[in-house]
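In the order they appear, the protein sequences are chains A and B. Each residue of the first sequence is one higher than the one before, starting from 1 at the first, in this note's numbering. Each residue of the second sequence is one higher than the one before, starting from 249 at the first, in this note's numbering.
All the pointers check out, no bait thrown in.
Which chain A residues face chain B? A few, computed with CB under 7 Å, are given here:
| id | residue |
| --- | --- |
| 1 | Pro17 |
| 2 | Thr141 |
| 3 | Lys167 |
| 4 | Leu168 |
| 5 | Asn219 |
| 6 | Ile231 |
| 7 | Val239 |
As a list, the in silico DSSO-like pairs of lysine-lysine whose alpha-carbon atoms are at most 30 Å apart:
| id | chain 1 | residue 1 | chain 2 | residue 2 |
| --- | --- | --- | --- | --- |
| 8 | B | Lys528 | A | Lys225 |
| 9 | A | Lys50 | A | Lys102 |
| 10 | B | Lys368 | A | Lys102 |
| 11 | B | Lys442 | B | Lys456 |
| 12 | B | Lys250 | B | Lys303 |
| 13 | A | Lys225 | A | Lys32 |
| 14 | B | Lys528 | A | Lys241 |
| 15 | B | Lys521 | A | Lys241 |
| 16 | B | Lys401 | A | Lys225 |
| 17 | A | Lys195 | A | Lys32 |
| 18 | A | Lys67 | A | Lys50 |
| 19 | A | Lys50 | A | Lys167 |
| 20 | B | Lys556 | A | Lys241 |
| 21 | A | Lys20 | B | Lys521 |
| 22 | A | Lys202 | A | Lys102 |
| 23 | A | Lys241 | B | Lys401 |
Source of the hints: derived by calculation from the structure; they are not laboratory data. Where a beta carbon is used, it is the ideal one built from N, C-alpha and C, also for glycine.
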Amino acid sequence: MKILVPVKRVIDYNVKPRVKADGSGVDLANVKMSMNPFDEISVEEAIRLKEAGKADEIVAVSIGPVKATETLRTALAMGADRAILVETDDEIEPLAVAKILKAIVDEEQPGLVILGKQAIDDDSNQTGQMLAALLGWGQGTFANTVEVGDGSVEVKREVDGGLQTVKLSLPAIVTTDLRLNEPRYASLPNIMKAKSKPLDTKTPGDYSVDISPRLTTSNVSEPPKREAGEILPDVDALVAKLKEMGVA
Amino acid sequence: MKTLVWVEHEGGDLKDATLSAVTAAAKLGEVHLLVAGSDVGGVAEAAAKIAGAGKVHVADDAAYDHALPENVAPLVAALMADHDAFVAPATTTGKNIAPRVAAMLDVMQISDILSVEGEKSFTRPIYAGNAIATVTSSDSKLVITVRGTAFEKAAAEGGSGTIEAVGSTGDAGLSSFVSEEIAQSDRPELTSAKIIVSGGRALGSSEKFEEVITPLADKLGAGIGASRAAVDAGYVPNDYQVGQTGKIVAPELYIAIGISGAIQHLAGMKDSKTIVAINKDEDAPIFQVADYGIVADLFNAVPELTGKL
Ligand SMILES: Cc1cc2nc3c(=O)[nH]c(=O)nc-3n(C[C@H](O)[C@H](O)[C@H](O)COP(=O)(O)OP(=O)(O)OC[C@H]3O[C@@H](n4cnc5c(N)ncnc54)[C@H](O)[C@@H]3O)c2cc1C
Ligand SMILES: Nc1ncnc2c1ncn2[C@@H]1O[C@H](COP(=O)(O)O)[C@@H](O)[C@H]1O
Numbered sequence: 001m002k003i004l005v006p007v008k009r010v011i012d013y014n015v016k017p018r019v020k021a022d023g024s025g026v027d028l029a030n031v032k033m034s035m036n037p038f039d040e041i042s043v044e045e046a047i048r049l050k051e052a053g054k055a056d057e058i059v060a061v062s063i064g065p066v067k068a069t070e071t072l073r074t075a076l077a078m079g080a081d082r083a084i085l086v087e088t089d090d091e092i093e094p095l096a097v098a099k100i101l102k103a104i105v106d107e108e109q110p111g112l113v114i115l116g117k118q119a120i121d122d123d124s125n126q127t128g129q130m131l132a133a134l135l136g137w138g139q140g141t142f143a144n145t146v147e148v149g150d151g152s153v154e155v156k157r158e159v160d161g162g163l164q165t166v167k168l169s170l171p172a173i174v175t176t177d178l179r180l181n182e183p184r185y186a187s188l189p190n191i192m193k194a195k196s197k198p199l200d201t202k203t204p205g206d207y208s209v210d211i212s213p214r215l216t217t218s219n220v221s222e223p224p225k226r227e228a229g230e231i232l233p234d235v236d237a238l239v240a241k242l243k244e245m246g247v248a
Numbered sequence: 249m250k251t252l253v254w255v256e257h258e259g260g261d262l263k264d265a266t267l268s269a270v271t272a273a274a275k276l277g278e279v280h281l282l283v284a285g286s287d288v289g290g291v292a293e294a295a296a297k298i299a300g301a302g303k304v305h306v307a308d309d310a311a312y313d314h315a316l317p318e319n320v321a322p323l324v325a326a327l328m329a330d331h332d333a334f335v336a337p338a339t340t341t342g343k344n345i346a347p348r349v350a351a352m353l354d355v356m357q358i359s360d361i362l363s364v365e366g367e368k369s370f371t372r373p374i375y376a377g378n379a380i381a382t383v384t385s386s387d388s389k390l391v392i393t394v395r396g397t398a399f400e401k402a403a404a405e406g407g408s409g410t411i412e413a414v415g416s417t418g419d420a421g422l423s424s425f426v427s428e429e430i431a432q433s434d435r436p437e438l439t440s441a442k443i444i445v446s447g448g449r450a451l452g453s454s455e456k457f458e459e460v461i462t463p464l465a466d467k468l469g470a471g472i473g474a475s476r477a478a479v480d481a482g483y484v485p486n487d488y489q490v491g492q493t494g495k496i497v498a499p500e501l502y503i504a505i506g507i508s509g510a511i512q513h514l515a516g517m518k519d520s521k522t523i524v525a526i527n528k529d530e531d532a533p534i535f536q537v538a539d540y541g542i543v544a545d546l547f548n549a550v551p552e553l554t555g556k557l
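So here's chain A without its partners, still in its complex pose (with noise of 0.2 Å):
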């Protein structure tokens, strides 16, 4: 079974985003990228499957600017086999994401797409439910558990109220919340090894996709700041602003 694995390239999770004064955006210039870290943690699964002997190729994606380049590289280097950057400058939503996938998938035919729950940037929580509805599979998202069995995976979910476990077949969409797995590190020597393995490069236009916006955004601002407030001295001082609040 083939596993595709999309990887988006975000700000990294450690940097605190600034909104630019004219209202146009986050300010990206010279801070640092990272893989999405929920990606990360699907590249993981995906090795982790393929070491089990339930996968054997991984193909990593990524949509975005030459850059993203970078992302596939590190997904090659923790142990993709392969990897597609479709490369655009443009600006790229959820549902044009989920059509240029579907395009691979129909390429590839993988048994399973391995999606993060939610890129770190747009918060979207999107793109795999999306796909999964153009491919008509079965979804399996927020996972704390994927168990591949004969031609069905088990998926056990992060909900809202503990854990749901649902029973997919093959093939279908995981998506993957943060207890899945933890991700590797990759190896220097691995990292010199992924310069070599294959990486392809498409536009959108390859796929027949439009990928017009649907959505326009007028203005990005800051949310209203919270004023840091007092330092009490002790715990009694802290009892009387609760009995003043009328909580004890």
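Got chain A; can you put chain B with the ligands on it based on the hints?
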């Protein structure tokens, strides 16, 4: 505009998250609701009583139990022939279903809206809530998920909706429910709790978490939350996680104990009315958003606090 609101229910009870979605939908136009599952007559009656409810569509079929999106999305997509907007709460269920519906209708979903700015304009948080985007859709139909903390709950009583059965779209045959582990607790649910006591990595173990956090929460009648670090370390289950990728909460009072205040955590609680932080590091970022802070070892300060309340 005619909206179709997803009614979230469990064990025969309508979930509160539905009520905030109704408020958001009412800003767009007529509120119709969808109740799906088997034996949902009681839920449908409850939905009809929500203030502002119009038609309540009821799809009674076991295929819709557990809200499997493979079965539910085709039902919603079919009903969308007669509606202009699908509105779901941004719960794990809403997030699972709505994008699938959006793709079936070939529209871009607008996730996690904070406000309705116009017929097709909304604000929504991006970058862990560090930025708020105003977006306008050019699609002919809207698919929206609603952040519960951003909208008042519609009154659960006073409405007079009419109940109407709709045909089932059946079982898509792609998925099945296996099991669930849902915690039963007398504690208020995180997303509707008035007070939340939250613990972080500093608690050190599930025993200590229970020993230190629970008595304080009991005293205050509070819900219990946690940071990702505390969940990852196994001190508490996953559904306790507050943050960008966990639950979004905005109680009257949020007490963060041994939590540093990473942006991902702040994203889930910084709209709380009053924030109290207890941390032994005076430079912890949580103090930058806290109304009241105590710089102390939590293992001394929290039991003392519990004792004095
Ligand atoms: C993709 C992604 C998504 C994420 N989503 C979330 C999310 O939804 N929610 C979330 O919370 N995090 C999330 N995180 C993790 C986040 O970045 C932080 O790692 C996490 O919030 C830290 O948890 P913490 O504050 O408990 O631990 P730490 O950062 O380790 O802080 C522990 C704090 O306890 C204090 N302390 C230690 N001992 C004591 C003591 N005896 N008494 C008093 N204070 C003490 C320390 O001074 C410190 O400030 C996410 C991260 C990523 C990459
Ligand atoms: N431009 C992209 N390139 C590759 N994968 C993407 C892209 N955008 C989204 N994804 C995938 O979809 C997931 C969810 O993203 P989103 O729906 O934007 O929150 C991510 O974790 C990725 O796996």
